[in-house]
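A.B. asks: Below are the chains, spelled out letter by letter.
2 protein chains.
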Amino acid sequence: MPVELTPPALTAAVDELFSQNFAEAIDAVHLRERLLSGQKLRVKLGVDTNKPDLHLGHAVVLTKLRRLQELGHQAVIILGDYTATLGDPSDKQQARTLIDPQETKANALQVQEQILKLLDPSLTEFHYNSQWLAALDLRAITEIVSKVSVNHLLGHQTFADRLASQQPLMVHELIYPILQGYDSIQIRADLELGGIDQKFNCLMGRLMQRAYDQPTQDILLVPYLAGIDGQAKMSKSLGNTINLTDSAEEMFGKTMSIPDGQIIAYFELATLVPESVIEGWRQELASADFNPKEAKLALAQAITSLYHGLESAKQAETAFVNRFQKKQLPADLPKLAIAGHYPTVILALMASEQLESNTAARRLIEQGGVRLDEQTLDQPLSPIELKAGQILELGKRRAYKIATQAKHR
Amino acid sequence: MPVELTPPALTAAVDELFSQNFAEAIDAVHLRERLLSGQKLRVKLGVDTNKPDLHLGHAVVLTKLRRLQELGHQAVIILGDYTATLGDPSDKQQARTLIDPQETKANALQVQEQILKLLDPSLTEFHYNSQWLAALDLRAITEIVSKVSVNHLLGHQTFADRLASQQPLMVHELIYPILQGYDSIQIRADLELGGIDQKFNCLMGRLMQRAYDQPTQDILLVPYLAGIDGQAKMSKSLGNTINLTDSAEEMFGKTMSIPDGQIIAYFELATLVPESVIEGWRQELASADFNPKEAKLALAQAITSLYHGLESAKQAETAFVNRFQKKQLPADLPKLAIAGHYPTVILALMASEQLESNTAARRLIEQGGVRLDEQTLDQPLSPIELKAGQILELGKRRAYKIATQAKHR
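Chains as they are written, first to last, in our numbering: chain U, 1 to 409; chain G, 1 to 409.
In case anyone wonders, no lab produced these hints; they're calculated from the structure. Owing to the predicted nature of the structure, the values given are computational and were not obtained by experimental measurement. Hints are not guaranteed to be accurate.
Stated by the list, open to error - Result set (DSS-like, lysine-lysine): computed pairs, CA atoms no more than 30 Å apart in a straight line:
no. : chain 1 : residue 1 : chain 2 : residue 2
1   : G       : 199       : U       : 147
2   : G       : 51        : U       : 236
3   : U       : 105       : U       : 51
4   : U       : 147       : G       : 51
5   : U       : 147       : G       : 105
6   : U       : 51        : G       : 147
If we strip away everything but chain U, and leave its shape as in the complex, we get:
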């Protein structure tokens, strides 16, 4: 539940909405006034349900929405279950794999669950757009689309470019943005959130509300998050995502793989870390003798704990650090020149001269403490071959690289 803020605190919070994780606002003056007025806004966010998993790119708007909830505003999530089943009927490839309504419903439930990891359930309502779209007949659709001119739609850069380059633009593609605008009427949105690439579609909500004599929504657009490759927008098709359904370890590890230059952007767009803390990291990163890994660990911690809780995030960090160190070791591992065939694992270990006794060796084996190239060797009396280059681990702290035995030792 939101806390009541003092006027200066409210002003500061609103200012932050227009600075952190911010691309554009329409109408900015009007929106700021409403946010400062104490009025509770209905904040629309449209979410696709043609895939069951959201990724960190979606979290950019969701964290923004969470900030708005902290000021008392109502999140109104539109699950595009109906539009998901429409798909792109002109694409024969896709038509074959069209998502059936059943699957969409299942997706929608998973999406809701992921959204509620970030949002306050007491200030969140979900609507399926099938509620109002499934009932439309040709007469109703004609009336809806008659509110919008082709002239206006062709002002959309994407559409104009397609026509200019003589690539086909199919008629239903003109209808989708209109339907998105129609959603705003149905839920009486005061504000719509979206990525910067959704500007045209969000503006359609204003156009439709005007056509239906409703007060027009404001629009708040957020930047896009780069993928973990740091190159392009995070997107499933590019395979550069951190999925909200990723395990804590995957999430932590993928975050650690982003380029250093993305650390601050990820902090701002994908976490709830306060701006003042982010500012601290920004300064640290600017200094030459600071190791960015430290900031990145904090970032991975902040992201992972959002979706998996603090405890799991800590475990993920430990696991990561272990694996990370191990991966760094191979080059520096002490060598054991004991390559060769051994009748039993115990004898191989004794050859290493690292264990005090046969008994100690057997005990370690039986505890699962002996691994060869990450395979646990748990049969003390089985024959074994050690090859040059293999990694032999003895317990958690000792690892060695097998080397060929010196010929004339």
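Following the hints, complete the assembly by docking chain G onto the known chain U.
C.D. replies: The following block gives chain G in isolation, referenced to the frame of chain U:
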């Protein structure tokens, strides 16, 4: 019912389809082959039902269709009852007077009746497009419109012009031609008839049939008929129509009012007069000493008898000729210099010196045989003023122009 034609007669009939009342055929070669093959074609004609009355402009396609029926082909009339009720929802003016479904049905029945004045009922089927359009939901509509590209639609001159001149083109206007094309699929049209201005919409039928893997219809386009003013296309909004519901006298009279230059066009486009007879009129009209009125009377006779039968057409002709002659007389009328006030109509008539006696004058008056400027004077003893320039009729055969009395007679 169609007669079986000998091959040469069939060839001649088909040739005539491509010469008389003909603007364009697509695909002409394919269509000619099919017409000569003996195959029975399903010939589509779409008819609006937002007005109850057709006019002679509509008869142009109907006479063409009648010719096709004479070769054994099936007329498939699509009554646009559903599309009529859609109207143009972006036009607020019109939205207020939107036709309700009840009215559309009533219109459609009247339209059918008018169509059957020209067509052979045994080779005519009617379909309401509500049959398939009313059941469409957003999913179905999306699929249908996804078959057509905006690029293609903007190739339509009307649309391109609107965009170029920055006049609004609303989205539903793009959908209407697609629906018209969809009609062709529903009735499995082999051939669509239309006015030359329907070319784009008829082509949409081919496009849609291809998209739905149906054999594509051919198209036969007819010229437009000029209005009775001879200036523009006959159209209700220009008030220059001959309506199929006009009385025989109106129909005959309006036909007689067309400019002489339109006689042959009307023969070709709006009658079933054989080409050889029309050719005769063409030659007559070319000769200097021929009075076009004769041809026009035959034309009016041919048109009127199509809708009212031969007997009514003859009566209309008689009535017209009577009125016509009267209208031609004024310039040549014998003058009666008897302008002035008279205490009774009898005295005025006696002053004309055209009647033998008071008794004859009274009888003529009481029979309704006396008219002053087309007003019957049936009160023998009422006072009357005759003014210079007025026309006085005595019985059916005598008419005079009133003149001022000579001062010094």
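A.B. asks: Quick one, are residue 51 (chain G) and residue 236 (chain U) close enough, alpha carbons at most 30 Å?
C.D. replies: Cα-Cα ~55 Å, so violated.
A.B. asks: Taken at face value, is the distance from the CA of residue 51 (chain G) to the CA of residue 147 (chain U) at most 30 Å?
C.D. replies: Roughly 25 Å separates the two Cα atoms, so the pair holds.
A.B. asks: Does the structure keep residue 199 (chain G) and residue 147 (chain U) at a Cα separation of 30 Å or less?
C.D. replies: 27 Å, holds
A.B. asks: Please work out if residue 51 (chain U) and residue 147 (chain G) have their alpha carbons no farther apart than 30 Å.
C.D. replies: Between residue 51 (chain U) and residue 147 (chain G) the Cα gap is close to 25 Å, so the pair holds against 30 Å.
A.B. asks: Between residue 147 (chain U) and residue 105 (chain G), does the CA-CA distance stay at or below 30 Å?
C.D. replies: Roughly 27 Å separates the two Cα atoms, so the pair holds.
A.B. asks: Within a Cα-Cα threshold of 30 Å, do residue 105 (chain U) and residue 51 (chain U) meet the stated pairing?
C.D. replies: 11 Å, holds
Hint violations for this structure: number 2 only, all remaining hints satisfied.
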